[in-house]
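Please work from the sequences and hints to get the whole structure.
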Amino acid sequence: MIFRILEDQFAQKSRLSKAADQRFMALALALGRRGQGRTWPNPAVGAVVVRDGVIVGRGWTQAGGRPHAEPEALRRAGEAARGATLYVTLEPCSHVGKSPPCADAVIAAGITRVVSAIEDPNPEVAGQGHARLRAAGITVDIGLGAAEAARDHAGHFRRVRDKRPHVILKLAVSADDKIGAAGRRPVAITGEAAKARVHLLRAQCDAILVGIGTVQADDPELTCRLPGMEARSPIRVVLDRALRLSGTSRLVHSARETPLWVMTSSLAEAPAAMKLGAAGAHVMRVATTATPPPGLDLLSVLHALSEKGITRLLVEGGARVASSFVSADLVDEVWLLRGPHAVGANGVAALEALPLSVLTGSPAFKVRASEMLEKDSLTIYERA
17 MIFRILEDQF
27 AQKSRLSKAA
37 DQRFMALALA
47 LGRRGQGRTW
57 PNPAVGAVVV
67 RDGVIVGRGW
77 TQAGGRPHAE
87 PEALRRAGEA
97 ARGATLYVTL
107 EPCSHVGKSP
117 PCADAVIAAG
127 ITRVVSAIED
137 PNPEVAGQGH
147 ARLRAAGITV
157 DIGLGAAEAA
167 RDHAGHFRRV
177 RDKRPHVILK
187 LAVSADDKIG
197 AAGRRPVAIT
207 GEAAKARVHL
217 LRAQCDAILV
227 GIGTVQADDP
237 ELTCRLPGME
247 ARSPIRVVLD
257 RALRLSGTSR
267 LVHSARETPL
277 WVMTSSLAEA
287 PAAMKLGAAG
297 AHVMRVATTA
307 TPPPGLDLLS
317 VLHALSEKGI
327 TRLLVEGGAR
337 VASSFVSADL
347 VDEVWLLRGP
357 HAVGANGVAA
367 LEALPLSVLT
377 GSPAFKVRAS
387 EMLEKDSLTI
397 YERA
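All residue numbers for the sequence shown refer to our numbering, where the first residue is 17 and numbers rise by one.
Each hint should be verified, as a subset may be incorrect.
[Claimed, not checked] Restricting the straight-line Cα-Cα distance to at most 27 Å, the calculated cross-link-like pairs of lysine-lysine (DSS-like) are:
id	residue 1	residue 2
1	Lys324	Lys291
2	Lys179	Lys382
3	Lys211	Lys382
4	Lys391	Lys186
5	Lys211	Lys391
6	Lys382	Lys186
7	Lys179	Lys324
8	Lys211	Lys186
9	Lys186	Lys324
Simulated from the structure, these hints should not be mistaken for laboratory data.
Below, the structure is given as structure tokens:
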């Protein structure tokens, strides 16, 4: 009877402990997302310091990638970190970069247990951070919240493993799968709630990419226009093989306020590149496709962006650019916004010659989430 009581008490304590771990890791993940779009080339990590069930420190990777989340949380915890548990969304780094190793800061703070969501694939870390903590006598538990952490750090993982950013394709389509009116004229597809969600997504990405056709048709700014979040606008990237970007465009006019990168070919004329450079744009030359139709090699574009530190890339169009990314199998995530009204048979198809079902009906993608935004719907797909 006594043993049964003790077993029940132990089981209840274990359940409470597991629930607490899950709650604190969920907070760490939420904190980490605060840095998305602002920490590149570093991952946006979240960290929470807990002592005797009380949160004594919180941190997330700061703008520009430093300080890292762990020393930020430990700084806020101060002496209360001694004997505490650290919850962190990515393995603490173990190498000397532009800042000292986070693993050493954790050890020095007197942390006794670390709950780490996932191992860092960076070869300079790759388990060495966890090993250093264990060697110092710290209990290390790995794997809680791993799936969500892998999603949050997808850009960092993709850049480390494939030398390219995580690519998010955003499509706003009408009820009949169109993104524009006849003659490639712009048309309102979604309402204000959907537009606000897109601007928030922009703020959570390092860079946003469009083709020169979209720039000429829409003259967009490609900034985040949510109140108070203008400074979180991503790098604007334009694919412009022949450097047709006009100096009077809103993108060029704002190039000194919000960075503008123009991807072009080696054949583009130097005077045009010099004019854009003088206006504040950064012109980057990449390889072109070997087969017609002529265009920039998208993998070369992604490699160039990765070398600059970009981890999360939002592709906003137009139809030709979206179709090219899909055809090249370079889309990792799709945000499909659908409005309630039809455009008509002469409208611009979402993926030009490709049916939208190559994404929505493909076994390569699965639905991660869906919701209504007033009269519009949002469905998020990710690689299966």
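Verification of the hints:
1. For the hint linking lysine 324 to lysine 291, the alpha-carbon distance of about 22 Å falls within 27 Å, and the restraint holds.
2. Restraint check for lysine 179 and lysine 382: the C-alpha separation of about 24 Å stays at or below 27 Å, so the hint holds.
3. Of the supplied pair hints, the one linking lysine 211 and lysine 382 holds, its CA atoms being roughly 24 Å apart against a limit of 27 Å.
4. The hinted pair formed by lysine 391 and lysine 186 meets the criterion: a straight-line CA distance of about 18 Å does not exceed 27 Å.
5. Pair hint lysine 211 plus lysine 391 holds up; C-alpha atoms about 12 Å apart against a cutoff of 27 Å.
6. For the proposed pair lysine 382 and lysine 186, the alpha carbon gap of about 16 Å is at most 27 Å, so the pair holds.
7. Proposed proximity of lysine 179 and lysine 324 is supported: the alpha carbons are some 11 Å apart, at most 27 Å.
8. Taken as a hint, the lysine 211 and lysine 186 pair is honoured in the structure, with Cα atoms around 12 Å apart against an allowance of 27 Å.
9. Distance hint between lysine 186 and lysine 324 is fulfilled; the C-alpha atoms sit about 22 Å from each other, no more than 27 Å.
Checked against the numbered hints given earlier, this structure breaks none of them.
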